[in-house]
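Given the coordinates of chain A, work out where chain B should sit on it, guided by the hints.
Line by line, the protein sequences give chains A and B.
First residue of the first sequence? That's 1 in our numbering, and the numbers climb one at a time after it.
First residue of the second sequence? That's 1001 in our numbering, and the numbers climb one at a time after it.
Among these hints, one or two may not hold up.
Label-pair distances were calculated between CB atoms; the ranges are [claimed, not checked]:
| # | chain 1 | residue 1 | chain 2 | residue 2 | range |
| --- | --- | --- | --- | --- | --- |
| 1 | A | G62 | B | G1069 | 44 to 50 Å |
| 2 | A | L137 | B | E1330 | 41 to 47 Å |
| 3 | A | G141 | B | R1241 | 45 to 51 Å |
| 4 | B | G1209 | A | V65 | 56 to 62 Å |
| 5 | B | R1182 | A | V27 | 58 to 64 Å |
| 6 | B | E1181 | A | Q280 | 50 to 56 Å |
Sample of chain A residues facing chain B (criterion: CB under 8 Å; computed from the structure) [what the hints assert, rightly or not]:
| # | residue |
| --- | --- |
| 7 | I125 |
| 8 | E129 |
| 9 | G131 |
| 10 | T234 |
| 11 | G236 |
| 12 | G237 |
| 13 | N256 |
| 14 | L257 |
In short, the hints are calculated from the structure, not lab data.
Just so it is clear, the structure is predicted and the values come from calculations on it, not from any experiment.
Think of the CB as a built atom: it goes at the ideal place given N, C-alpha and C, for glycine as much as any other residue.
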Amino acid sequence: MTLTPARSWHPYALLLPTALVLGLFFVVPLGLAAYQSLFSWDLLTEPRWVGGGNYGALWRSGELVAIAGRTLAYSAVVVSISLILGLALALALNREGRFYAIVRGAIFSAYVVSWVSVGLLWLWILDGEAGVVSRVLRASGLPTRAWLSDPNVALYSLAGVTVWKITGYAMVIFLAGLQDIPKSVLEAAALDGATPRKRFVHVVWPLLRPTVAFVGTTSLILSFQAFDIVRVMTQGGPVRSTTIFVYAIYEQVFINLRVGRASALVVAFFVLLVGLTLLQLWAWRRAGRARVAT
Amino acid sequence: MRRRELAIAGVLTAVGAATLATWGRTERRAGEIDLWFSYGGNNRKVLLELVDAFHRRQSEVRVRPIFQGDYFEGLVKLRTGLFVGSVPTITHVVGEVVPYLFEAGVLELLDGIGRDTLDDLLPELSQAGTFSGGAERPLVALPFNRSTPIAFYNRPLFDRLGLTPPRTWEEMREVARAATERSANAVSRWGFSCPLDWWFWIALVGQAGGQVVEPDGRISLGGEAGARALGHWQAMVHDDRSMKPPPGRDYNAWEATNADFLAERVAMIWTSTAFLRYLEDNAKFAVGAAPLPRLERFSVPTGGTFFVMPRGLAEPERRAGLAFLRWMMEPAQANAWATRTGYMTVSKKGREALDKSGYFAEHPNDRVTVDQLAHAAAWPWEPELFRVQREAVQPRLEQAVLERRDPRRALDEALATLGAP
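Bound conformation, chain A alone (with noise of 0.2 Å):
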């Protein structure tokens, strides 16, 4: 059966408030940016036209190629580990009773609690000298770290205190992905003499596919938005060490008072943003031919 429309123009009616929004808040603005990616402006004085020069004096001081860097490796560590660990916990906790509920909830709890709230509290535990980490390191007689003063260190202490508070979000996918394979389906398997690493590679996992792809994606978009945790916690530092990209815009357009350097990383982001997607859509596609050939 399909369905045809009464008037050739319903189905662009009815598309046509998503486009609306879609054009007023991502379109025109985007558009905007690429504009006054082209002058110099600081929102008070005339804006001066230079052409690429924006573009230019971010690529010739090294800065684009260094936040894109730093933005792939905080996106790559907090997307792989939070996967991971979401995983493992949901796997370990998917069971009945008073106790699991318990850990599932405290686990959870984390990624409700506001983003500053949780820059504030990580401060606190990884302070250098007074913090809780570097304590129990040293009584430990273990070497510690300057976790957020070290410019070798700090992007990965960020990327810990993301992974620490949206863990809990992977972990509930995960058990809902989990909690719908059917048990027949398990049951079978066992039947048939799998042992629980055999069911996992061969009947969880592929089952859990698209449960990984969404929180994969989640996590990833999550990660790239990153900014209320740099800004309570490092400010980009130390050493522009944690200045990624959303904080180097924001830098950009209201310390610096550049709005033509910061609409340049803007579209820089953008073009990013879309080859990663484009990746992304390759890879699945890839892999869904891979799995209909066999």
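Below, chain B without anything else, positioned relative to chain A:
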């Protein structure tokens, strides 16, 4: 039917657009003025009490104080407000940004404050003395919470170790080394800490005999003096391992420095006179204040903020704003602010009154802040000064010190950014 729906949609769109267009407009009743401020903690409390006192004194002008975050967050909001046409009657901004805002044509002239008030302002803290040639410029900034960098030290600890506040850079290194305490492989007490911040670097540049903008208007970042300033910090951090660079940027680093000092994790810090009362009130030990040391000469920049009024206010609102500022700058209010915070009084009569009352004898730390003003260096009237600070120098100080980069090269790179769009 369709025509009627289109008409309704049109009306809704128009109403929405009108709502959006007027969203940011500030509604103020007659006699009501908005004061955007950036003070937290005790300073905020003192300001609000002064505003209450102003309301008790008269009934024509009502002040609405609105907190806007720290100085830089406040500036962001002011700039955005100027762009969308939603501005306060009065706000306060750091000195470095005054030339930029003036050249952008967004500041109201403040001559209407009155000759009596202007004559009573201490020149080194007012526009006339804070900026080179400030007296020849149109008056757009009035001083209120003005400060300088200052050294605070743990007095009983210094007594116990037989140390006195350093008067030279060399002594500073010796004192910091002597006050540093190490246990096993960790430092349990640092001799010195200071935010790796533009303001303190400017102090070092001045002490090394340099200036960031040369008399001919060329931005030099102090030349050799700028490099020596960075080198001094590098030596204390890496060679002596006696200086703790605090974590965080901007005022986060300042707060961390104060917290370390109060927790006795650091023996001596450089911070602002603005924290004098806060540190005295919150330390479990006697806090001593000392002027910053010299290399070629004694030198400190002035800091804190100036009151400004955005251009284009309605005349009654402008007059109401000036009336409030005039009252705030009277000796009694200027002194109330200074003695309860740590900022310096901006009134000549106010300072004389404090002197005569024996206030400085009772509060020797306050005396240090006032005496150090003799070495205050004027800022250049340079519209790019704010950009030099925020974009060229500030982000590179931390890197240059922590990664021990060649100071001259780091400053050359900072200079190179200034020509970029």
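* Asked: Are L137(A) and E1330(B) spaced within 41 to 47 Å by their CB atoms?
  -> Violated: the Cβ-Cβ distance is about 56 Å, outside 41 to 47 Å.
* To do: Could you check the hint for me, namely that G141(A) and R1241(B) are 45 to 51 Å apart, CB to CB?
  => violated, 22 Å
* Asked: Is the shortest C-beta separation between G236(A) and chain B less than 8 Å?
  -> With a closest approach of 7 Å, the G236(A) hint holds.
* For the hint on E129(A), just tell me whether its beta-carbon gets within less than 8 Å of chain B. => holds, 6 Å
* C-beta pair G1209(B), V65(A): status relative to the range 56 to 62 Å that was hinted -> violated, 39 Å
* Asked: Is 44 to 50 Å right for how far apart the beta carbons of G62(A) and G1069(B) are?
  -> violated, 31 Å
* With a cut-off of 8 Å on the beta carbons, see whether G131(A) makes it to chain B. => Because about 11 Å separates G131(A) from the closest Cβ in chain B, which is outside the 8 Å limit, the hint is violated.
* Asked: Is it true that E1181(B) and Q280(A) lie within 50 to 56 Å of each other by Cβ?
  -> The hinted range 50 to 56 Å holds for E1181(B) and Q280(A), with Cβ atoms some 54 Å apart.
* Asked: Minimum Cβ distance from L257(A) to chain B below 8 Å?
  -> Result: holds, 7 Å to nearest chain B Cβ.
* Against chain B, with CB atoms and a cut of 8 Å, does the hint on I125(A) hold up? -> This interface hint is violated because 13 Å lies over the 8 Å limit.
* Regarding R1182(B) and V27(A), is the given constraint of 58 to 64 Å on their beta-carbon distance met? -> holds, 60 Å
* **When the least beta-carbon distance from G237(A) to chain B is tested against 8 Å, hint result** => holds, 5 Å
When each numbered hint is compared with the structure, violations occur for hints 1, 2, 3, 4, 7 and 9.
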